[in-house]
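Take the sequences, apply the hints, and build the full model.
Residues per chain are reported as follows:
Protein chains: 4
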Amino acid sequence: MFTALKQRVLEANLLLPHYGLVTFTWGNVSEIDRQQGVIAIKPSGVSYDAMTVDDIVVVDLDGHTVEGVLNPSSDTATHLVLYHAFPALGGIVHTHSRSGTVWAQAGMDIPALGTTHADYFYGDIPCTRPLTRTEIDTDYEKHTGDVIVETFRQRDLDPMAVPSAVITGHAPFSWGKDAFDAVHNAVVLEEVAAMALSTRTLNREIRIQQALSDKHYFRKHGANAYYGQQ
Amino acid sequence: MFTALKQRVLEANLLLPHYGLVTFTWGNVSEIDRQQGVIAIKPSGVSYDAMTVDDIVVVDLDGHTVEGVLNPSSDTATHLVLYHAFPALGGIVHTHSRSGTVWAQAGMDIPALGTTHADYFYGDIPCTRPLTRTEIDTDYEKHTGDVIVETFRQRDLDPMAVPSAVITGHAPFSWGKDAFDAVHNAVVLEEVAAMALSTRTLNREIRIQQALSDKHYFRKHGANAYYGQQ
Amino acid sequence: MFTALKQRVLEANLLLPHYGLVTFTWGNVSEIDRQQGVIAIKPSGVSYDAMTVDDIVVVDLDGHTVEGVLNPSSDTATHLVLYHAFPALGGIVHTHSRSGTVWAQAGMDIPALGTTHADYFYGDIPCTRPLTRTEIDTDYEKHTGDVIVETFRQRDLDPMAVPSAVITGHAPFSWGKDAFDAVHNAVVLEEVAAMALSTRTLNREIRIQQALSDKHYFRKHGANAYYGQQ
Amino acid sequence: MFTALKQRVLEANLLLPHYGLVTFTWGNVSEIDRQQGVIAIKPSGVSYDAMTVDDIVVVDLDGHTVEGVLNPSSDTATHLVLYHAFPALGGIVHTHSRSGTVWAQAGMDIPALGTTHADYFYGDIPCTRPLTRTEIDTDYEKHTGDVIVETFRQRDLDPMAVPSAVITGHAPFSWGKDAFDAVHNAVVLEEVAAMALSTRTLNREIRIQQALSDKHYFRKHGANAYYGQQ
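For the record, the sequence lines run as chains A, B, C and D. All the letters of the first sequence, read from the start, carry residue numbers 1 to 230 under the UniProt record's numbering. All the letters of the second sequence, read from the start, carry residue numbers 1 to 230 under the UniProt record's numbering. All the letters of the third sequence, read from the start, carry residue numbers 1 to 230 under the UniProt record's numbering. All the letters of the fourth sequence, read from the start, carry residue numbers 1 to 230 under the UniProt record's numbering.
Treat the hints with care, as some may be off.
Heads up, the list lumps identical chains together, so a pair's fine if it works in one copy or across two of them.
[To be verified] Okay, derived cross-link-like pairs now, DSBU-like style, lysine-lysine, Cα gap no bigger than 30 Å in a straight line:
| id | residue 1 | residue 2 |
| --- | --- | --- |
| 1 | Lys142 | Lys177 |
| 2 | Lys142 | Lys215 |
| 3 | Lys220 | Lys142 |
In short, the hints are calculated from the structure, not lab data.
Take a look at the structure:
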């Protein structure tokens, strides 16, 4: 029934090894069909090499499987929280890409240090607070989504202007208007995370000028954008 | 006689260059057949490019060759000590993979800093104490195995919950329920070693929360695991 | 009309992903035909995979399109400033290559630390001063070119002896006698930027001896060059 | 006349891009035929992609071309000094491989930190003293060879036990019993240089134990070697 959606989600998942963002079965991509009230997502623990469109799992917005025989990604509950809280999201990606994960492990925001970052992310990519023991022990994956939402609300961030977060002690989540846009943002996150890591070995304090960040972000986004063929 | 075992060990050895874990002839993989009382292991100093199933050497648990014409890996005695001491081990891998070797050279445990680590290793990957001059001069490879066993016993570690160690001044050993599982763990060790190296340039002290380590380890291992298709 | 020029510029642009200098549509190469009074340049935001010679845009030296239907690179104004100010330039490259961008983000010159650098760059690769808010808000891309020209004039640098600069908070520009020479210099910049980053982790102060820099630069450049088959 | 020698030198040179040790035309490999009193070496500034056996240049031990139409490598004089001073050398490699060059730029020996190093190099890989201005200005390439020889004599090093050096402000030279052995050592140098760089970010002081260095070196070299199939 959901073949087109599942095909897109399969292709977006296969981009993760293509871009070097995953090892083994790590990582997952989903996309939502808000009219049908479903998301399609990678199955849990299945190899990218062997994955077919029939392996993709379709679940409703309460997480019940409506199509597919495999278990959905163990991170499905995190995806659902984000789709519920952020109506503009069309696709979500989770990876343990190396440099993004390093910032998550360090418990630090990925700082906005240059125009590569500013072209895609309006300000720092936030790192969530540590979960409490209670949040970890019960409904862990749901609470991972909750702490992302809490972070964006407390800092008054627009999730479409800062389409990623890193989870303390864990790894990044990225999103976008659809599954492919989310993967695109996950690739950029990894690149700016790597650049920021090396920049910090030369200069512990420097940040991008606010005016330069504004310029680069808004020449690609919003009503006055002039980058590309729009 | 041991063709199936040798074929598996050949294939597992060929995964080492596939995953970028070895240079030249470095590294080796073995697997044990506990019923037959033998292990199959890579020959010493033979190129992965040219290796065939006939080159794999089968030795008994005292290290005497029972099938094959080449010398077994010079590290065979280390493998045998581990198989004797840890009955759950089915396969063992030794590599000089870059980041794992860096932690060994630094004489430091690979610290558990995130869920990537916790998904596979329950706590730090231990670094062994330096061998004494006497241990190095006589039966060096056997003593390398002994010091791994000593480390796990002194720290009361379960070798199947922490399926790797790094040897001071040397490099990692990894293991698993069979040769392929051991290679899998060697790949993960290299990835978490690289992540930990970069994390330490940002934050010298941080560690993963114990509750988060527990959560990730036990959602993949043991009776209550829910990751994957089990 | 400008097919040969556009074909060269297409090929030079395709070298950027070949050498690993770009992600997605980032980066651009141009070449000038000074007799015809035009430059050919990459279109804005177009994928390298799909780019054909018809996508390359030809603009006059005031930036008006004379051939092509797509928008030229958003950085076209920067290229034009450099071609106007530096008559020896035949080709220009802009990338966000990782290590070069790190030095730009750190706001630091790429220091001349060895003969690899000295073979191509006579002295440090300069980092421009930050642009003012006014320079950023109006005619940003033109001002990016202006600040490169200002840097070379204030430091009395020959742009053909130091064929690159890094822009504070942004990324590198490189150039050369034609588009292919410019790409060549962009590859070298990335390599020496990476080497310099690691060198600074070992030694914060060291620099190449001036006599050694002279020797290597002038064995490859100028009347007394003896490197190669000239 | 020297077709077989030139063919070997061609193949050994082509291994440099295969192993990722060179960018563009950088680097060169030579091999000596001591009975004929000649060396074959890469031509200067020629691309590896296009190189054929006819491009390889044969020069006598005074550096005069005896076969070939191209200029020999600009580093030929360095090779000749080493062949004259060290009678055991059969092949020599020069590269600007990234991590080896970093140690050269830092003006530091590559320290022996682990068994990967000890398997091939008996002790630190020495860094030469800076050349004087006079040594640079006249017969620079010859003096580069001289300072390597001086370093080995002053430190009483056996060039076959430590088959590499790094030149202050420049890059590594490696050698071996023939051209292929020299390339092998150049690959190992790059790997141990990279490992040592990262190890020093964790631990600024640690070194390999002397007994462990002895053990690994002598299990692969000399009368009592037992590694491999010898």
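So, going through the hints one by one against the coordinates:
1. Lys142 x Lys177: within (22 Å within a copy, 32 Å between copies)
2. Lys142 x Lys215: between (36 Å within a copy, 13 Å between copies)
3. Lys220 x Lys142: Intra 33 Å, inter 17 Å, cutoff 30 Å: inter-copy only.
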